[in-house]
Amino acid sequence: MKEKIICAGFGGQGIMFLGKLVAFTMMHEDKHVTYIPSYGPEMRGGTANCNVIVSDDEIDSPMVDEADTVIVMNQPSYEKFKNSVRPGGLLIVNTSLVNPVDPPENVRLLEVPATRIANEMGNVRLANMIILGVYNKVRGLTDKQKFFDALPSFLGGKKERFIPANKEAVNKGVELYETTS
Amino acid sequence: MKEKIICAGFGGQGIMFLGKLVAFTMMHEDKHVTYIPSYGPEMRGGTANCNVIVSDDEIDSPMVDEADTVIVMNQPSYEKFKNSVRPGGLLIVNTSLVNPVDPPENVRLLEVPATRIANEMGNVRLANMIILGVYNKVRGLTDKQKFFDALPSFLGGKKERFIPANKEAVNKGVELYETTS
Amino acid sequence: MKQLMTGNDAMAEAAIQAGCRYYFGYPITPQNEFTAYMARRMPQVGGVFIQSESEIAAINMVMGAAAAGGRAMTSSSSPGISLKQEGISYIAGDQLPAVILNVMRGGPGLGNIAPAQGDYFQATRGGGHGDYRCIVLAPSTVQEGTELIQDAFDLADKYRNPVLILSDGRMGQMMEPVEFKPRPKAEMPPKDYILTGKKGRERRIIRSLYLKEPELEAWNKIIQEKLMKIEENEVRYETRMVEDADLVLIGYGTCARNSKEAMRTLREKGRKVGVFRPITLWPFPYTALSEVVKKARAALVVEMSAGQMVEDVYLAVKDTRPIFFYGRMGGQVPSATEIVQKAEKIFTEKL
Amino acid sequence: MKQLMTGNDAMAEAAIQAGCRYYFGYPITPQNEFTAYMARRMPQVGGVFIQSESEIAAINMVMGAAAAGGRAMTSSSSPGISLKQEGISYIAGDQLPAVILNVMRGGPGLGNIAPAQGDYFQATRGGGHGDYRCIVLAPSTVQEGTELIQDAFDLADKYRNPVLILSDGRMGQMMEPVEFKPRPKAEMPPKDYILTGKKGRERRIIRSLYLKEPELEAWNKIIQEKLMKIEENEVRYETRMVEDADLVLIGYGTCARNSKEAMRTLREKGRKVGVFRPITLWPFPYTALSEVVKKARAALVVEMSAGQMVEDVYLAVKDTRPIFFYGRMGGQVPSATEIVQKAEKIFTEKL
Amino acid sequence: MPETKKPYIEIVTDRCKGCELCISACPKDCIELDTSVVNAKGVNPAKYVGGCIGCGSCMLICPDVCIELYKEEKIQKSA
Amino acid sequence: MPETKKPYIEIVTDRCKGCELCISACPKDCIELDTSVVNAKGVNPAKYVGGCIGCGSCMLICPDVCIELYKEEKIQKSA
Amino acid sequence: MQTTKSHPKSLFPVSTHYCAGCGHGIAHRLIAEALDELGVQDRTIGVAPVGCAVLMYNYIDVDTIEAAHGRAPATATGLKRVRPDCIVFTYQGDGDLAAIGTAEIIHAANRGEHFTTIFLNNAIYGMTGGQMAPTTLVDQKTETTPYGRKPSNEGFPIKACEMLATLDAPYYIERVSVATPAKIRRAKKAIFKAFNYQVEERGFTFVEVISTCPTNWGMSPPDAMKWSVEHMEKVFPLGVFRDKGAEKDRTETGADK
Amino acid sequence: MQTTKSHPKSLFPVSTHYCAGCGHGIAHRLIAEALDELGVQDRTIGVAPVGCAVLMYNYIDVDTIEAAHGRAPATATGLKRVRPDCIVFTYQGDGDLAAIGTAEIIHAANRGEHFTTIFLNNAIYGMTGGQMAPTTLVDQKTETTPYGRKPSNEGFPIKACEMLATLDAPYYIERVSVATPAKIRRAKKAIFKAFNYQVEERGFTFVEVISTCPTNWGMSPPDAMKWSVEHMEKVFPLGVFRDKGAEKDRTETGADK
Ligand SMILES: Cc1ncc(C[n+]2csc(CCOP(=O)(O)OP(=O)(O)O)c2C)c(N)n1
Ligand SMILES: Cc1ncc(C[n+]2csc(CCOP(=O)(O)OP(=O)(O)O)c2C)c(N)n1
Ligand code: SF4
Ligand code: SF4
Ligand code: SF4
Ligand code: SF4
Ligand code: SF4
Ligand code: SF4
Ligand SMILES: [Mg+2]
Ligand SMILES: [Mg+2]
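Chains as they are written, first to last, in this note's numbering: chain A, 10 to 190; chain B, 10 to 190; chain C, 812 to 1162; chain D, 812 to 1162; chain E, 393 to 471; chain F, 393 to 471; chain G, 36 to 292; chain H, 36 to 292.
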C-alpha cells in the first residue's frame, strides 16, 4: 500500500496533530512513514498543512504533489488543495467552514460538518478527530484502537485530560460515516 | 630616471614622513610617483617602512623589491632590508642606532650618525631630515629648496613651528655630506 | 527502537549522543526544535545549554568552549548563519573544531521560513573572510542527519576545522522514523592545544593574529595543507543507477530525495536515469562526479536555488557533457513531477 | 590639479564628489583613513557622518538611508565585511542601492593588517544567505579607485543592488597622484520606491519577507532577471598585449599591477606575455577571458590568496588551456620578480 | 433637553477572535461568547447581550478593533 | 638598631620609553631624562639622580616595569 | 446616536494575524491613534521588527521598511538622518530589542536619534514559538527554559527603560501596560507624548509596553493580562523614567504606583 | 638592602609594544600581581581583545585566547562553562566593550557568568589610530570627531559601570584609575578583589580602569594622566557600583570622592 495525504486548515484546527497521529500510528504498524508540516504565510492564526505518506516501501520523496487523500478544514485550504487529489482519490471537506464549490471531477467528495459537530460536542477543536474517524473508516488504514493507543504519546501531562474527548470525537466520526453513507 | 627607495626604522622616527615628502616633492617636479607605507608587526612602537618610486615613466608596480636606495634607521630594519639594495645601489645607515655588520657587497654604504646629531640638535626626531639632506645630496633628486617648499603641506597648523628645525636638519645633512665625503 | 522524530529533534539527540555537551544558540525558524531540544536535554546529561543573546555571541561561545576542549556546537538558519561568518572565519583561523548546523530557509534577506538551498555558496566558499573552508555535510533523510552530525563532531576534532551541516526547513521539520545506533568511539588526536591553565606544561595561545606577513603566510599554508588532506580523504557521495544512465540527476539533501522519486518514475517509463548525490559539499566529489557524468549523455542539476552547486558541477564536468539546471526559489521545492517533466524535455529535445 | 593622496582618502573624496552624503562606518585598519576622511568632509558638504557602534549597525544604517533615498555607503576591512553579510543580503533582498568598500587584509580570523585578496569568494559568491549577487569592482590604481567608486554609486542606483568595491591594504594606504575630473551626471531611473511618508501617493513598503513561497519565488525571479541584465551589460576588464601572448597573466587590483610590471620584464627577455585584468569581478568577464586565453598557450593566475578567482578562470577557460596559479597569503604580495620567475618556469618546463 | 438614549455596542463578529478580553473588561457583563455561532475564523465570536453603560472599556481593550460604541454624547476619543 | 641605609632606585634603561611618568610622580624630583643617551628604542631614558625617600610612586606608575626600588625594610608589595 | 471613533484612519480595517487576545493589536491601535491625532500619518515611516509584528505594515497604513532582526534602530537612524522631516518609529519586541538588538538600541538612544521606539515587552519570543526572552521572568517556563528561567544559568530579566535611563541623551522614556482599560488610557498618552516630542524635534523617545503572549504563555487572554499585571509589573514597574519635557524630571521608577 | 618586588611572576620581563606612558602597561602589571598573589597563574585563561591589548599574551604569562573584536565576553562564557575551575578573565578596551561588544558584555554580565572583566577605558580607539570611542568626552577631538564630539551627532559618553549596575546579576563592579600612585594602589585592590571573588566562585566581576592614550590624545604621558583626572573622572566618577560581598552595598557613584 501507499497512501499519500494532505491535510490543510488554519492554525488551531489540529491539522498537524492529525497528520502526526496518522504517521505515528502507522509507523507502529510497521509502515514506512513520512510527515512534513508546512506553516502558511502567517505563523499565527494563518493556514497550515501537512503531507503524510504511509507506505509498504521505502519513501524517497516525502512530498505529496498528487494525494490519495486530501483533507481540507477551511475555505482557503479547499481552494489551494482541491486539485491536488489524484484522479479517483478522496477529498474530505469540513463543510462547516468550507463551501465546496467547483469540486474537481473524478474524485470522491466526502462532506463532513466537522466543526459544527465539534462545537456541539463542546469544543470546536475536536473537528480534526471527527475527520480522522471518518477518514480511517473510509480508507481502512488500521483499527481505530491503534489511534487511541497512540494518543497518550501526544497528550501527556496536563493534556491527558483531553484524551477521552478526542476518542469520543473519533468515534463520532466513525458513527457519522456509518450513518450518512 | 627611475629611483626606487625603501626607508625603514621604527615608528616615531619619521620614516613615513620622509617617504611622503620625497614622493610629494617629486610629484611637483612632474615625476610619476608612488608611495607605499607598511607598518610592521606592531602598530605601536614597532617598525615601519615605506616604498617610494620616482620615475619619468608610468609606474606599474608600486612595490620595491630591488631598491636603488635603502635608508635604514634602526638595527632590525638594517637586517631586514640591507639585501634589498640593487647591485651598485645606495645603502644609507643611521649609525647611531645601527651597527652595519656584514654589509652587502657591491653597494655604496653611507654611514650617517643621524640620531646622535639630531639629539645634539635637541630633538632625536629630526634624524629623518638629516638623512634626507644627505640622500638628496648624493642622488641629486632636486634642489633642497623644493623640499622646503613642500614642508608647509605636511606641517600645518600647530605643527608649523617645527618647520625651521626641519629645514635646519636637512641643511645639517647636506653639510654633513659635504664635510665627510 | 524506531522513533518518529523531526529532523531537528533527531539531530539534536544525535549530537548529544556524539558527546556534544556545549550548545549555544539563538532561536530562528525553521530550526527552533533543535534549540528547544537542547534546552530540555542538556541539563539531563550534565551539559550546558545557553540561549545566547545573538547568533554572533553563540558562535563566539562555541569558539571559547572549543578552545577549552569542549565538544561544542551551534545551530541557526540562513540569516543567523550570515551573522556567524566572522566567527566561523575566526574558528577556522584558530584551527578549532566546531559544528554548525544551518537549517536553510528562503532568502535573501528575511525571505521566508520555507526550505531552500540558497546558502550553498556561503557554505562551500566561506561566507567569511580569508582563505579557509568549512567541511560541509548534507544529509537527505532524518536518519542520515543523525549519522552525519555525529561524523561532524569527529571530523571537526580530527582536523580542528569547522564543520557545517546543511539541512533545510523541510529536513528540519519533517518527521521520519529514526533509530539511534550506538557507534564505536572514533580514535581522535589528542587535544594538545586546548586552554586549561598552564599548570605543568608550556603556556598555550590560541589566535589567528600573525602580524608578521611571513608568519601569517606560514600559518595559512598549514591550514591549506590540512584542507588538501581533507579533500583527499573525506569526499563522500551516493550514486543510484548511474551505471547505465543516459541522464544523471544531481542534487543534495531534499533535492536528492525528489530526484530519486523522479528517477523511479522515469525508469518506469523506460528512461535511463541515475542519481548522483554529493554528501560532502566541500570537499565536493569532483572526480567521482566527472566520471559518472562522462559515462552518461547529460546531467540535470536540481537545486532549491537560482543555481549554486551547478557551478561545482561545471568545475567537475567542464565541457564534456551538457549540463542542465532546474531550480526553484523562495522556499519552493522542485517536486518529483517537475523533475520528471524537465527530464522528459531533455530526453525529447536535447539528447 | 594633481594631488598626492592615499587610496582611502582619494576614494572617500570621490565618493563625496559622486554625491554620497550619508556615510556610516566603524574603524578598522587598513581602511581607517577612509572613515576619518568622511568624518572631516561630510560636515563640510552638509552630509551625515556617523561612526556606528559596529559594522552591523553601519550596514543597517546604510539600508535605512538608502530606503529613504540617500546616496549612502559604508566601508570596512575583511572581518568587518563578514559582519555585514546579513545586512548585505537584506539590502539585496530589498533591492536597495548601496556601496560597500572592502579594503581587504590578511585572514582568516583576525589575520593581520597587510594587503590580501582572500575575500574574493565572499564578494563574488555572496557571503550572505540566499540567491543574490553584489556587483564587484576592483580598481588597481588610486586614480581608478576614484573613478570606480563613482561608477559604483551609479550602478547601485541603476540596478538597485549593492555594489562592493574590493580594494586592499596596499591600494588603500598607498599614495599616488590623483586628479578629480568632473563627470557628467548620469541619467538615473527615478527613485519611485523610497520612503518619504505616503503624502500624495500610494503607501510604500520595503521588505524582503514574502511568506508565501510563490511570492518569494516571483520576487527572486525579478532579482535574478536583473542580475542577468547586469551580466549582459556591465562586464569590464582590461587587457594588455594579449594579442600575441603565449602566456596570459591574470590578476586584479594590486596583483594586476605587479603582473604588468612582470610582463614588461618578460617582454624585455623576449617572452610573449600579456595581462588580463578583470575590473568587474562579478559579473566576471568569462567570455572575454576565454577568448583571450584560447588565443594563447597558457594562463597564469596571480592572487593574494590560496586561489579563489582561479575558480572563475577555470569556469571561463575550462579544459581548453592549462591554467597555472601563483598565490601568496598572509598579507604577502606576489612581487613582479616572483611572477617573472614563475612565468619563466612555465615557459621552460610546461610550454 | 431630550431624554438620552441608552448606549450600546456593536461587534464586528467576522474579525472577532473570541479572545474574551472584552468580556473580562466589561464592568456590566454585557458581552459573552456566542456559542451558537462559529465564524469564518473558526471561533465563537463575542456577542452583545445588553446593559451597556458606555464606559468604553471593551472598545479600548479589544486587540482587533471589533467593537464600536454608540452613545448620545459628542464623539469621544477612545481614551 | 643599626642606622638604615638610604633607599634608592634602579632603572632598566633599555626597556625605558622615556615617558616621564616616574619623573612627574616622584615627590622628590629624583629622576630625570638622560639626554646624553639614546637607548635602543631611540629615546632618552630615565636616570636616577638621587634623593629617594622610598615612597614607591615611580615604581607603581611605570607602565614598563623598569624601576626597582631598594630599601632596607622587609620586602613590601608594590601597593 | 453617534459612534465613538474606534477605528483609526492610520489602521487598515483588516483582520490581523495575531493570536486571539494578543497585545500587539492594542499597541498598534494606540500608535495609529497617535499618528491620527498628530496628523502625521502622511509623513511617517515605520520600521517593522522581526518578531510577531513583522507584518505590522499590513495593519498600520504608513510607509514602512522591514528591518533585520534587532537592527531597527540602526535602520531608523539611516532613515531619519536622510528624512529629518519625517516621523520615524521603530516597533520592536523584547527579543528584537533586548537580545540581538541590544547594541543598536543603546547606541541609537545614546546618540539621541530623533525617532521613537515602541518596545513591546511580552517576556517571550512570540514569533518563533515561545523561547526565553531577556525579559522572561525568573522561573518562567519557555521552550528554552523548560524547567523555568534559572538565574544561575540565564540570569535575570533585563530592564530596558532602566538601562536606557543611564544614558544622557534620551528625551523621554516611559513604561506602560495594556492589561486593563485604565492602563491602556495611560499607554495611549505615553505613545502620543513620544510621537509628539518627535514632532517637536526634541530627541529620542521610548515607550515600553508591557504586553502578553497568551499563546506561548499557555494562558487564556484574560489570564495573561492578569499575569502581566501581577508578575511582570513587579519586575518592570510602570512609570516615567525620563521626561525632559516635563517641568520636573521624575526619574523614580514606579511613579504610577 | 632588598628590592621591593616589582616584576610579577605572571608578567614576562619584556618590552611591550605600547606607546611610552600608556596605561595598558600599568593595568597589565596589576592583573599579573593579582594572579601572583592569588596563586592562580597556573589555572588562569586570559581572553585578549582586539585593541592595543591584542598582544596581551606577549606580556601576561597565562593560557590565552584572542577573541573577535567585542566578543570576548562570549568567548569567555564558552571557556568558563567548559572549565569552571579555571580563572577566566577578559581584558577589553572601550571600543571593544562599549561599542561593538555592547550586547556581549551586557548579556554575559546579566547571566552572571563567573569570569572577570578588566575594562580599560581610554576614551578612544587606540589601536586603529585614535577614533572616537563611546566613552570619548564631549568636545574631545579624535580622528572621527575632528571638530570635537558633538552631542547632537554623536551623543554622550557611555558609562559602562552605571549601565551594568542596572542588572541584577553582577557581583562586583568598580571603577578605578591609574593616573596617580594613590589611584593605582586602589586600582590594584579592586582588581585583586575582582579576581578573588572569582576564586571564591561568587559571580561576575567587573573593573573599569580609567586610563590614557597619550599618543592619540596628542599629549605627553604626564599631561594625559592629568587630563584623565581632571576631565574623565568628572564624567566617569570612580567608585564601587556594586559589591555584593561587602557588608553594605555601596551603590552610590563617586564613593571615593
Ligand atoms: C538574525 C535572525 N535571528 C533570529 C531570527 C528569528 N526570529 C524571528 S522573530 C524572533 C524573536 C521574536 O521575539 P520578540 O522580538 O520578542 O517579538 P515577539 O514575537 O515576541 O513580538 C526571532 C529570534 C531572525 N529572523 N533573524
Ligand atoms: C570586526 C572588527 N571591527 C573592527 C576592527 C578594528 N579594530 C581593531 S582594535 C579597534 C578598537 C580599539 O579600541 P579600544 O577597544 O578602545 O582599545 P584600545 O586600542 O583603545 O586599547 C578596532 C575598531 C576589528 N579588528 N574587527
Ligand atoms: S462600553 Fe463598557 S459597559 Fe458597554 S459593553 Fe463595553 S465595557 Fe461593557
Ligand atoms: S475583545 Fe474583540 S476579539 Fe476579543 S472577544 Fe471581544 S470583540 Fe472579540
Ligand atoms: S621611590 Fe619615590 S622618592 Fe624614590 S625615586 Fe621613586 S618616586 Fe622618587
Ligand atoms: S616611567 Fe618607566 S618607562 Fe617611563 S620614563 Fe620612567 S622608567 Fe622610563
Ligand atoms: S505568538 Fe504571542 S506575541 Fe505572537 S501573535 Fe501570538 S500571542 Fe501575540
Ligand atoms: S595607541 Fe594609545 S592605547 Fe594604544 S598603546 Fe599607544 S598610548 Fe596606549
Ligand atoms: Mg516578545
Ligand atoms: Mg580605547
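Hints may contain errors.
Claimed, not checked - A partial selection of chain A residues facing chain C, derived with a Cβ cut-off under 7 Å: (1) M25; (2) F33; (3) E67; (4) E184.
What the hints assert, rightly or not - Result set (DSSO-like, lysine-lysine): computed pairs, CA atoms no more than 30 Å apart in a straight line: (5) B:K168 x D:K813; (6) G:K228 x H:K185; (7) D:K1080 x C:K1153; (8) C:K1009 x H:K261; (9) D:K1105 x D:K1040; (10) D:K1023 x C:K1156; (11) D:K1032 x C:K1156; (12) D:K813 x C:K1105; (13) H:K261 x F:K397; (14) H:K261 x F:K439; (15) D:K1080 x D:K1161; (16) F:K398 x H:K224; (17) C:K1156 x A:K11; (18) G:K279 x G:K269; (19) B:K89 x D:K1105.
Claimed, not checked - Taking CB as the label site, the calculated pair distances span: (20) H:K261 x B:P112: 43 to 49 Å; (21) B:E129 x C:K1037: 51 to 57 Å; (22) B:N92 x D:T1098: 42 to 48 Å; (23) G:V234 x H:L73: 54 to 60 Å; (24) C:G880 x D:P1001: 44 to 50 Å; (25) H:K261 x F:T427: 20 to 26 Å; (26) C:Y1097 x E:A432: 34 to 40 Å; (27) H:L73 x G:L73: 58 to 64 Å; (28) C:T1131 x B:G97: 52 to 58 Å; (29) G:D120 x H:L73: 58 to 64 Å; (30) B:T151 x D:P1000: 47 to 53 Å; (31) B:P112 x H:K185: 54 to 60 Å; (32) A:N92 x G:V173: 50 to 56 Å; (33) G:V173 x C:T1098: 56 to 62 Å.
It is worth saying that the hints were derived from the structure and are not from the lab.
These numbers come from a predicted model, not from an experiment.
Glycine included, C-beta positions come from ideal geometry on N, C-alpha and C.
For this session: Evaluate the given range 47 to 53 Å for the C-beta pair formed by T151 (chain B) and P1000 (chain D).
Result: Between T151 (chain B) and P1000 (chain D), where Cβ atoms are some 51 Å apart, the hint holds.
Problem set entry | Straight-line alpha-carbon gap K1009 (chain C) to K261 (chain H), limit 30 Å | 39 Å, violated
Exercise. Does the Cβ distance between L73 (chain H) and L73 (chain G) fall inside 58 to 64 Å?
Worked result: 60 Å Cβ-Cβ, so the 58 to 64 Å window holds.
Exercise. For the pair supplied as a hint, K168 (chain B) and K813 (chain D), is the alpha-carbon distance within the 30 Å limit?
Worked result: At roughly 24 Å apart (the allowed maximum being 30 Å), K813 (chain D) and K168 (chain B) satisfy the hint.
For this session: Just tell me: holds or violated, for the beta carbon distance of P112 (chain B) and K185 (chain H) against 54 to 60 Å?
Result: 55 Å, holds
Exercise. CB of G880 (chain C) to CB of P1001 (chain D), is that within 44 to 50 Å?
Worked result: With Cβ atoms ~59 Å apart, the hint is violated.
Exercise. Between Y1097 (chain C) and A432 (chain E), does the C-beta distance stay in 34 to 40 Å?
Worked result: 56 Å, violated
Exercise. Should the hint that N92 (chain B) and T1098 (chain D) are 42 to 48 Å apart at their CB atoms be regarded as holding?
Worked result: At 45 Å between Cβs, range holds.
Exercise. Does E67 (chain A) pass the interface check with chain C, least Cβ-Cβ distance below 7 Å?
Worked result: 10 Å, violated
Problem set entry | Cut-off 7 Å, beta-carbon criterion: hint that M25 (chain A) touches chain C | Since chain C brings no Cβ nearer than about 10 Å to M25 (chain A), farther than 7 Å, the hint is violated.
Exercise. Is the hinted pair K1080 (chain D) and K1161 (chain D) satisfied, with a Cα-Cα distance of at most 30 Å?
Worked result: 18 Å, holds
Exercise. Keeping to a limit of 30 Å between CA atoms, is the pair of K1032 (chain D) and K1156 (chain C) held or broken?
Worked result: 22 Å, holds
Against the hints set out earlier in the document, violations occur for numbers 1, 3, 4, 7, 8, 12, 13, 19, 24 and 26.
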